[in-house]
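Visitor: Listed here are the chains, written in short residue letters.
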Amino acid sequence: MASTSVASAGHPGHLQHHFVSEEQQFDASKMGMWLFLVTEILLFSGMFVAYTVFRIWYPEVFAHSAELLDWRLGGLNTVVLLASSFTVALGVHYAQLDNKKGLVINLILTIVFATIFIVVKYFEYTGKFAHGVFPGINFQPHGVGGGHIYAEYDIPFAAQFFSIYFVMTGIHGLHVLVGMGLFAWLITRALRGHFTSSYYTPVELTGLYWHLVDIIWIFLFPLLYLI
Amino acid sequence: MTEMTPSVSGNSGTVNYLNHDKSIKSWLLTRDHKRIGIMYLVAISLAFLAGGIMAMLIRLELLSPGETIMGPDAYNQAFTIHGVLMIFAFIIPALPAILGNFVIPMQLGAKDVAFPRINLLSFYLYLGGAVITLSALLVGRIDGGWTFYAPYSVQVGDSILFVTMGVFVMGFSSILTGLNFIVTIHKMRAPGLTWNRLPLFVWSIYATAIVQVLATPVIAITVILLFLERLLGIGIFDPALGGDPVLFQHFFWFYSHPAVYVMILPAFGIISDLIGAFSRHRIVGYRFVALSSIAIAFLGFLVWGHHMFVSGQSALASTVFSLITYLIGIPTGVKIINWISTMYRGSVQLRTPMIYALIFLFTFSIGGFTGIMLGVLAVDVHLHDTYFIVAHFHYTMLGGNVIAALGGLHFWWPKMTGKMFNETLGRIAAGLIFIGFNLTFFPQFIAGSRGMPRRYFDYPSEFVGLNVLSTYGSWIMAAGFFLIAGYLLFSLFKGKKAPANPWGALTLEWTHTASIPEPHNFTVTPVVTRGAYDYHLVPEFYAGPSSGDGSSAGLATQEVAPETTHEK
Amino acid sequence: MGDQGSSWLPDAMSSVARDVDALFNFVLIVSTILFAAVIVSTIYFVIRYRRRSDQYVPERIKESKWLEAAWIILPTILTMIIFTWGFRVFITLSTPPPDSYQITVRAKQWFWEFEYSEGATSTSDLYVPVGKPIKLLMSSGDVIHSFFVPEFRIKHDVIPNRYTSVWFEATEVGEYRIYCTEYCGQQHSMMLGMVRVVTQEEFDDWLDEQSQDLPPVELGERLFTQYNCQVCHATDGSRLIGPPLNGLFGITREFDDGMTAVADDNYLRESIVNPGAKVVAGYPNAMVATYGSLSTKQIDALVAYLKSLE
Amino acid sequence: MAHAVHHITPKKTLIQVFIALIALTVLTVVTSRMDLGAYNILLALFIAFCKAMFVILIFMALRHDSRINAAVFALGSVIVVVFLLFTLIDTVFRGDLPNTVEGTIMEQEAADEAMRMRDPSREELDAGPGE
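Residue numbers (this note's numbering), protein chains in the order written: chain A, 1 to 227; chain B, 1 to 568; chain C, 1 to 310; chain D, 1 to 131.
If you are wondering where the hints come from, they were derived from the structure by calculation, not from laboratory data.
Keep in mind that a hint or two might mislead.
With a cut-off of at most 25 Å between alpha-carbon atoms, the simulated SDA-like pairs for lysine to any residue come out as follows [said to hold, decoys possible]: (1) B:K419 with B:N16; (2) D:K11 with A:G102; (3) D:K12 with A:E40; (4) B:K497 with B:L291; (5) A:K100 with D:A52; (6) B:K419 with B:M308; (7) A:K121 with A:H142; (8) C:K62 with B:V42; (9) A:K121 with D:A52; (10) D:K11 with A:L182; (11) A:K121 with A:E40; (12) C:K62 with B:Q349; (13) D:K11 with A:A184; (14) C:K65 with B:H536; (15) C:K307 with C:K62; (16) C:K65 with B:L291; (17) B:K25 with B:I53.
Listed next, the stretches of chain B that the computed footprint assigns to chain D, with coverage defined by at least 3 CB atoms under 8 Å from CB atoms of chain D [what the hints assert, rightly or not]: (18) 235 to 244; (19) 299 to 306; (20) 311 to 321.
So the derived label-pair ranges between C-beta atoms look like this [said to hold, decoys possible]: (21) D:C50 with A:G145: 30 to 36 Å; (22) C:V40 with B:A295: 25 to 31 Å; (23) D:F49 with A:A63: 18 to 24 Å; (24) C:S238 with B:L492: 53 to 59 Å; (25) A:A63 with B:P460: 51 to 57 Å; (26) D:F46 with C:A22: 46 to 52 Å; (27) A:E152 with B:G128: 36 to 42 Å; (28) A:G147 with D:C50: 29 to 35 Å; (29) A:E152 with D:F49: 56 to 62 Å; (30) C:D208 with B:S135: 34 to 40 Å; (31) C:R52 with B:T424: 18 to 24 Å; (32) C:E63 with D:K12: 54 to 60 Å.
Ideal Cβ positions, reconstructed from N, Cα and C, are used throughout, including at glycine.
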C-alpha cells in the first residue's frame, strides 16, 4: 500500500519533492491543519476563561446585560453559520466526487451565508453603538430602543460584559472575514479546474477551518445571547 | 536485502547545501531546513549579543549601590530589554529553531521538514517580530519588565505596544516551528525508524513542539487583551476599571510557565545525545527519558500558579499548584540519574561537547534543587521576587538551555560547517564559562535569600560584596563567550576539515550524511535497523584503526525488510 | 528571642521566622547532600570509565526495574514530606491570630503609608510594639507593589482595588527594612521603609505624640522626609529629577508652556496636589499625582516648611 | 491510490446532521426561556457540546480520520479545560484564607453606599475593610 503507483508514475505537479507519496503529503497537511485549529481553540480559550471568571463573579450583571442582545438575531446567525458549514461539507463531498459544478455552487453558497452573517453582525453592532453601548470606558448606554431603556443597563461591570461580547464576537467576525477571502480564492482555483478527487487539499483544509469558526459560534451563541 | 554504504567522505569537491547555489537570493528564499537553521543561528546570535550587552550593563550598574553607570530610568529599560530579548528573541527560539531545524530532519532520515515554506515564513516572522520589538526603542522608554504585569503595563508609555506586538509576532513564528516539527516527526521518519529508535533529541523537540503549539496562542490573546485594555479600557485586567490584575498573571503564566519547558526540554534532548555519544553507551532508561519529556510537557501546563503564591490568588490554588510542581520535579530528577548511570561502565571521552554536558549536570542540578525550594509554599513566600529567583532562573535557563546549546553547537558544528574547531580553546572557553557562570549567579542565591529584591537599581550596602563577585563573574563569562565566537569563526577559515563522523556517534546525521551534507541530505533514503544509541550492536564500526576520531568507514547498516513508519 | 541567621538567611525576628527557617534549612541540607551525590558520582564515573581505547565498545548494562522504581518512589515520598511541611507553615503564615492589632497600609509610587487605629499616621516608618501580633491590611493606590520584610520572612503583593494582608509578631526590639518586591516603576528600588519595633510603652507614647500638635514647619519637614520628597527635590539648590525647592517662595517661575507665575501659597499648594498643572521649564513632568490624599493640615504644614527653606 | 482511502461522507448523512443541528439550535433557545436555575447553563453547554460533536465528527469527518488528528484535537480541548479549571480554582476561591479579602474594594464601597442609602443614620459606617 505504501508504495503507490502514483509515485512510481512520476511526481504529480502538486507533490513536493520531500514527500514520498501524495498520501504522505495529504496526511501531513491535514495533521498540520488540525494542529493549527488547536492553536485557534486556545486563542479563543483565553476569552472564554475571562468570560467564565467574570460571569461567576457577577452572574446577575451578566444575565441583566444579556437582555440587550437580541436572541433572534443571534439565532438567525447561528442558523446561517450552520448552513454555511453544511454547504462547505457538501463542497468537500463534491470535490471528492470530481463534481466541479457542485463544488463551486456550494462554495458560493458558503460565501453568501457568511455575508449574511456579517451583515446581521453589522446591524447588531451599529444598533448597540447608537445607544452608547461600546466596549470599555466608552460604555454609556442611553436612549430607548427595542423595548429597552438603555440607562437601566448602566450598572457596574456591565461594561465588562459588553467588552467581552465585542472582543469575542469581533475576533470571531475577523475569522469569518478571513474565511470568506479563502473561499473566494478557492472558487477561482476551482473554476480553473485545480481540484480533483486526487487533489483537493486546500478545499479540505479551508473547510476544517470554517467548521471550527462555526463551532466557536455554537458556544458563543448560548453563552452570550441566552443567559 | 541490500547492503547500503553511507556517504562517508568529507566534502571536498562535492555539491553540498552551502555551495550548490551561493547567491544571496538562494539564501533569503531558501526552503532548505539546514540553511534556515543557519539563518536562525545568525539572527538569534545577534539577539543573544544584544541581550548579553544589556546583561553586562546591568551587572556593571550593580557593581556598587546607587548610580554607577546609569540612572534608574536607564536601568529599568536595560533589564526590560534584557528580559524581552533573551526570553522571546533568544532562548525560546534558540534550540528548536537553530539546532532543531538543522538536525531533526537529518536525524529522521528525511529530506526536509514537512512544510518547508512555512518554515521559511516562521523565520521571517521571527525576524519581523524582533524588529518590531526593537522599534519600540524609537518610540520611547521600554519599561515594565518582560512580564508586563497589569496594571503597570496599562499605564506606561506606548512603546510597550510595540514590544508586545513583537512578542505576538514572534509567538506565531514559534507556533509554526512547533507545528512543523510535530508533523515532521509523525509523518517523515525514515523506514525502520520506529518511535523506540528515535534519538532523544527528536523526542525532546517533539515534546517542545507540543508545548509551543498549545501554549503560545494564549500569550497571543493575552497581548490582544492587554492592547484593548490600553486602547479601549475593557476592564478585564485593569483594577481601576474593575478588572482583576491577578487574572492577567494567570493568563501570562499559562503561557510563560510552559514556555520554560520550551526552553529546557530541547536541552534535555541534547544532553542525552551528548552523553550517549561520548559514553558510547545506550542511554539508561531510554523509554523513561523519552516519555518523561512528554509527561513534563503536559505537567508543565498544570503548575503556572507557583509563580503566584504571594499574588493574592486563593490558597487552594497555591496548594494545588505547589503539589503538582513536585510531580514535575521527580521525572526531571530521574532523568539526571539516568544520564549519570549512562556513564557507568561506559567509555567516557571528554571532548568539548561532553564537557558542556557535565557542566549541565552541575548547573542544572543546582537549578533543579533550588526549584524544589521555591516550590515549598512557606519558603517561597520569603524567596519570591528576590535575587534567589533570578539566580534559580539563570541556573536553569543559562545553566540548562544555554550550556546545552553550546554543547550542541560544538557537537554539530563540524556537520554544519565541515570544519573542526580548536579543541584546546574549546576546553578553555568551557572552563571560563563554568567559572564565570557560577561566580555570577551563585552569590545571587545568597543575596536573594538574605533579602535583596529583584529588579533593584539600588541596593543596601550589606549586599555590596555579593554583587561585586557577581559582576566579576559576568566578565569572566563574557570572556568565555567571546572566545567561543572567536575560535568558531576562525575555524570557518582555517579549521581542519571535519570527517563525516568525528565523534563516532550513531544517529543518522552522522552515519549517513557527509560533513557538509548535500542539499537533500541523503543520496538514498536510509533504512534504520537499530536504536539511536545501540553502540553495542555495531562493535565492528569502531574496530577500524582510526575510527574513533573520524571516518565512519566500515560502518554498514544492514537493511532489513523496510517498514512503513508514517501512520495512516 | 530572635534567632541568629545563617550565611543564607538574615536574622529571624518574627514568631514564624523560625518555622520557615527550619524548613528552608531542611530542604537546603537534603538538596546539598543529593547534589553532592550527583557530582561525586559524575566525577567518579568520568574518571573510572574514561575512554582507554577507541576500539572499545562497552556492553549494554542491565537495567533494573526495581532501581528505577526506587528512584521514583523515594523522591516522591521525600517531596511529599516537604510539601506537607511547607503547607502547614504556609497556613500559619497566612492566618493572622484573632487578637492581632490592625494597621492599614497604603502603597503608592513610591512610598508606604501606615494608618493606625487611633488615627495616627506615618509614612515609610512602621511603628509596632514588640511581642504582639500585628496584622497589616494593605491596598495599593496605583500599581501592584509587594510588602517584604526579610527578617520576618513575610511577603505579600499589595494590589489595587483589593485588600490583602500579612501578619507578624516581632520577637525583638529593632529596626528592620521594608522592601517593595514587585516592580512598580522608576523608583521601585527606592521604595523602602523601616519597621521600627519598640516596646509597648514606647509605642503607646509614640501614638500619643502623634495626636499632639507639632508646629507646622516641623510637621512639614517630617512629612517632606516621610514622603521621600528629597529623592527628587534638593533643598540645597542642586538639580535632581525635579527642581530644587529652597528660596522658592515669592520668586517668579517659568513653566514649560512659556507661562510664568509668582510662587505664592496657592502655587505651592497646587504643585503638591496637582503637579502636572504647572511644570517648571527644563524639568520633566515626572511627579506622580498621589499627594492629593494629604489632609489640608498636612498640606499647610508642607507649604509652611517650603516657605521656611532659604 | 492515495485518494481512494479518503472517506466520502454520503450526502444523506450531511443533510441529516444539518437538520439535527438546526433542531438542537431551536431546542437550546426554547430551554433557555424556561427557568431551570443552575441547570440552564449546564443544559445550554450540553446542547452546544452535542452540536460541536456533530460538526467535528461528521462535517469535519474526524470519525473517519486518522486517530492522531483526533488525539491532537482532544489534547487541545483538555488543555483548554485545564486553563479554565485551574484559573477558576483561584477566582472562585479567592480569599479562602484571611490574607486576601474576597471582594474588591469597589464592591465593598458600593455595598456600604447602598447600606448608607437605606439607613442614613449610620454615618459612621466606613468604606474601610471589615475585620
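Visitor: None of the hints should be skipped; say for each whether it holds.
Guide: Here is what the structure says about each hint:
no. : hint                           : in the structure
1   : B:K419 with B:N16              : holds (14 Å)
2   : D:K11 with A:G102              : holds (12 Å)
3   : D:K12 with A:E40               : violated (30 Å)
4   : B:K497 with B:L291             : violated (38 Å)
5   : A:K100 with D:A52              : violated (29 Å)
6   : B:K419 with B:M308             : violated (48 Å)
7   : A:K121 with A:H142             : holds (21 Å)
8   : C:K62 with B:V42               : violated (43 Å)
9   : A:K121 with D:A52              : holds (22 Å)
10  : D:K11 with A:L182              : holds (24 Å)
11  : A:K121 with A:E40              : holds (21 Å)
12  : C:K62 with B:Q349              : holds (22 Å)
13  : D:K11 with A:A184              : holds (23 Å)
14  : C:K65 with B:H536              : holds (21 Å)
15  : C:K307 with C:K62              : violated (87 Å)
16  : C:K65 with B:L291              : holds (16 Å)
17  : B:K25 with B:I53               : violated (31 Å)
18  : 235 to 244                     : holds (count 3)
19  : 299 to 306                     : holds (count 4)
20  : 311 to 321                     : holds (count 8)
21  : D:C50 with A:G145: 30 to 36 Å  : holds (35 Å)
22  : C:V40 with B:A295: 25 to 31 Å  : holds (28 Å)
23  : D:F49 with A:A63: 18 to 24 Å   : holds (22 Å)
24  : C:S238 with B:L492: 53 to 59 Å : holds (55 Å)
25  : A:A63 with B:P460: 51 to 57 Å  : holds (54 Å)
26  : D:F46 with C:A22: 46 to 52 Å   : holds (51 Å)
27  : A:E152 with B:G128: 36 to 42 Å : violated (47 Å)
28  : A:G147 with D:C50: 29 to 35 Å  : holds (32 Å)
29  : A:E152 with D:F49: 56 to 62 Å  : violated (34 Å)
30  : C:D208 with B:S135: 34 to 40 Å : violated (59 Å)
31  : C:R52 with B:T424: 18 to 24 Å  : holds (21 Å)
32  : C:E63 with D:K12: 54 to 60 Å   : holds (56 Å)
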